[in-house]
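Chains as they are written, first to last, in this note's numbering: chain Z, 1 to 113; chain R, 1 to 110.
Hint data in this document are derived by calculation from the structure and do not stem from the laboratory. Treat the hints with care, as some may be off.
Label pairs and their calculated CB-CB ranges [as the list claims (entries may be wrong)]:
1) Gly16/Z with Arg60/R: 30 to 36 Å
2) Pro61/Z with Gln31/R: 24 to 30 Å
3) Gln41/Z with Ser12/R: 21 to 27 Å
4) Ser26/R with Gly62/Z: 38 to 44 Å
5) Gln18/Z with Arg60/R: 42 to 48 Å
6) Ser53/R with Pro39/Z: 39 to 45 Å
7) Tyr10/Z with Ser52/R: 37 to 43 Å
8) Arg9/Z with Gln31/R: 33 to 39 Å
9) Pro8/R with Lys13/Z: 24 to 30 Å
Below are the BS3-like pairs computed for lysine-lysine, each with C-alpha atoms no more than 27 Å apart in a straight line [said to hold, decoys possible]:
10) Lys42/R with Lys13/Z
11) Lys2/R with Lys97/R
12) Lys13/Z with Lys56/R
13) Lys56/R with Lys57/Z
A few chain Z positions that, by computed beta-carbon distances, are all more than 10 Å from chain R [to be verified]:
14) Ser31
15) Glu48
16) Arg63
17) Arg73
18) Ser86
Small disclaimer: the values here were computed from a predicted structure and weren't measured. Quick reminder that beta carbons are idealized off the backbone N, C-alpha and C, glycines included.
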Amino acid sequence: KAGVTQTPRYLIKTRGQQVTLSCSPISGHRSVSWYQQTPGQGLQFLFEYFSETQRNKGNFPGRFSGRQFSNSRSEMNVSTLELGDSALYLCASSLTGGIEGYTFGSGTRLTVV
Amino acid sequence: QKEVEQDPGPLSVPEGAIVSLNCTYSNSAFQYFMWYRQYSRKGPELLMYTYSSGNKEDGRFTAQVDKSSKYISLFIRDSQPSDSATYLCALTGTASKLTFGTGTRLQVML
Chain Z
1 KAGVTQTPRY
11 LIKTRGQQVT
21 LSCSPISGHR
31 SVSWYQQTPG
41 QGLQFLFEYF
51 SETQRNKGNF
61 PGRFSGRQFS
71 NSRSEMNVST
81 LELGDSALYL
91 CASSLTGGIE
101 GYTFGSGTRL
111 TVV
Chain R
1 QKEVEQDPGP
11 LSVPEGAIVS
21 LNCTYSNSAF
31 QYFMWYRQYS
41 RKGPELLMYT
51 YSSGNKEDGR
61 FTAQVDKSSK
71 YISLFIRDSQ
81 PSDSATYLCA
91 LTGTASKLTF
101 GTGTRLQVML
């Protein structure tokens, strides 16, 4: 079966711009989570959506936002990009958001210049 | 102090060795414990998860949890070059938010 698909794989943006990243979960999975991965901080939780509702949120500024559509696909938006936003953004999906297992996508590598 | 501490390595071992990877944590609210493996340019892949203290075995992998010491381990027996990757521990109390260690880079040499 198809895994978690993230698009685009690579992205270069200029400081001050905004960016939208997309995630298509495994078919049937209703929970989608987003994580930021950097060499210094590792993987940090951004937010989780379940059935189009944000169920949990990490400690990131309001410039980071997300949404989930009725087909469970999710988008993440970062406005007013800063150099420190350069990171690998990972999306993970699971059936219910429990520990039955989160399946991660390969991520979107965002570089802010 | 971070909620989850993990030695970043790198850890280099010869093929066939037993590998021990560890994390310590400070938050007693963590109830679920997971190990992920991440290859270069890929997303993390779930290896094992456990809830209770004790051992859980899956093939060459054994996960060990000691809640009283707030210490978790992953053992890899008969390590192979294909095991070369970064290993991440992940902990959660609510199940919808994972707190990760920074990862240990493992290199298994021929």
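Hint check:
1. Between Gly16/Z and Arg60/R the beta carbon distance is about 49 Å. The supplied range of 30 to 36 Å is therefore violated.
2. Between Pro61/Z and Gln31/R the Cβ separation comes to about 29 Å, which falls inside the hinted range of 24 to 30 Å.
3. Taken as a hint, the range 21 to 27 Å holds for the pair Gln41/Z and Ser12/R, whose Cβ atoms sit roughly 25 Å apart.
4. Taking 38 to 44 Å as the suggested C-beta distance range, the pair Ser26/R and Gly62/Z does not conform, at roughly 28 Å.
5. With their beta carbons about 45 Å apart, Gln18/Z and Arg60/R fall inside the hinted range of 42 to 48 Å.
6. Against the hinted window of 39 to 45 Å, the Cβ-Cβ separation of Ser53/R and Pro39/Z comes to about 32 Å, which falls outside the hint.
7. Distance hint check for Tyr10/Z and Ser52/R: the Cβ-Cβ separation is about 41 Å, which falls inside the suggested range of 37 to 43 Å.
8. Between Arg9/Z and Gln31/R the Cβ separation comes to about 35 Å, which falls inside the hinted range of 33 to 39 Å.
9. Between Pro8/R and Lys13/Z, the C-beta spacing of about 29 Å keeps the proposed range 24 to 30 Å intact.
10. The straight-line distance between the Cα atoms of Lys42/R and Lys13/Z is roughly 22 Å, inside the 27 Å bound, and the hint therefore holds.
11. Under the criterion of a C-alpha separation no larger than 27 Å, the hint pairing Lys2/R with Lys97/R is consistent with the structure, at around 16 Å.
12. About 44 Å separates the Cα atoms of Lys13/Z and Lys56/R, which puts this hinted pair outside 27 Å; it is violated.
13. About 31 Å separates the Cα atoms of Lys56/R and Lys57/Z, which puts this hinted pair outside 27 Å; it is violated.
14. Distance check on Ser31/Z: its Cβ comes as close as 7 Å (rounded) to a Cβ of chain R, failing to clear the 10 Å threshold; non-interface status is violated.
15. With a minimum CB-CB distance of about 5 Å to chain R, Glu48/Z fails to clear the 10 Å threshold, and the non-interface call is violated.
16. The Cβ of Arg63/Z sits about 20 Å from the closest Cβ of chain R, beyond the 10 Å cut-off, so the non-interface label holds.
17. Every C-beta of chain R lies more than 10 Å from that of Arg73/Z, the closest at about 17 Å, which supports listing it as non-interface.
18. With a least CB separation of 16 Å from chain R, Ser86/Z remains clear of the 10 Å interface cut-off, as annotated.
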